[in-house]
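Trainee: Numbering-wise, the sequence shown is residues 1 to 60 according to the numbering used here.
Hints in this document: simulated from the structure, not taken from any laboratory.
Wrong hints could be hidden among the right ones.
What the hints assert, rightly or not - Simulated DEER-style distance windows between Cβ atoms:
1) 7 x 37: 11 to 21 Å
2) 12 x 60: 26 to 36 Å
3) 13 x 60: 31 to 41 Å
4) 23 x 55: 16 to 26 Å
5) 6 x 36: 21 to 31 Å
6) 57 x 26: 14 to 24 Å
7) 49 x 1: 14 to 24 Å
8) 14 x 60: 24 to 34 Å
Cβ atoms here follow ideal geometry from the backbone N, Cα and C, with glycine treated the same way.
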Amino acid sequence: MERLAVELAALGHDSVRVGRPFDREAGLREFDLLGGRGFISFLAVPRHECVYVCNVTWYG
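Working from the sequences, and respecting the hints, build out all of it.
Mentor: What follows is the structure, encoded as structure tokens:
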């Protein structure tokens with residue numbers, strides 16, 4: 001998870017467009033993990049230059 005968070009942070013301002021929802025930018029985002037076996041919820045805040053990982057969900 002730490003490596004994924006670092007990669008999201010490296011995207012900078014583009015991190016607000018990664019994952020779902022597809023139709024808007026910013027806010028709480030979701031990114032699929034391992035082909036749909038889970039997802040990570042994160043909040044990208046470009047003005048603070050950071051990504052906050054809020055939740056990680058794994059499906060059995």
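Trainee: Please test the hint of 16 to 26 Å on the beta carbon pair from residue 23 and residue 55.
Mentor: holds, 21 Å
Trainee: Within 14 to 24 Å: is that where the Cβ-Cβ distance between residue 49 and residue 1 falls?
Mentor: At 19 Å between Cβs, range holds.
Trainee: Quick one: are residue 57 and residue 26 within 14 to 24 Å, going by C-beta?
Mentor: holds, 21 Å
Trainee: Return holds or violated for the Cβ distance of residue 12 and residue 60 against the range 26 to 36 Å.
Mentor: holds, 35 Å
Trainee: Please test the hint of 24 to 34 Å on the beta carbon pair from residue 14 and residue 60.
Mentor: With Cβ atoms ~32 Å apart, the hint holds.
Trainee: Can you tell me whether the CB distance of residue 6 to residue 36 sits inside 21 to 31 Å?
Mentor: Cβ of residue 6 to Cβ of residue 36: about 23 Å, so the range 21 to 31 Å holds.
Trainee: Looking only at beta-carbon atoms, does the pair residue 7, residue 37 fall within the given range of 11 to 21 Å?
Mentor: holds, 18 Å
Trainee: Using the C-beta atoms of residue 13 and residue 60, is the stated range 31 to 41 Å upheld?
Mentor: For residue 13 and residue 60 the Cβ distance comes to about 36 Å; the hint holds.
Checked against the numbered hints given earlier, this structure breaks none of them.
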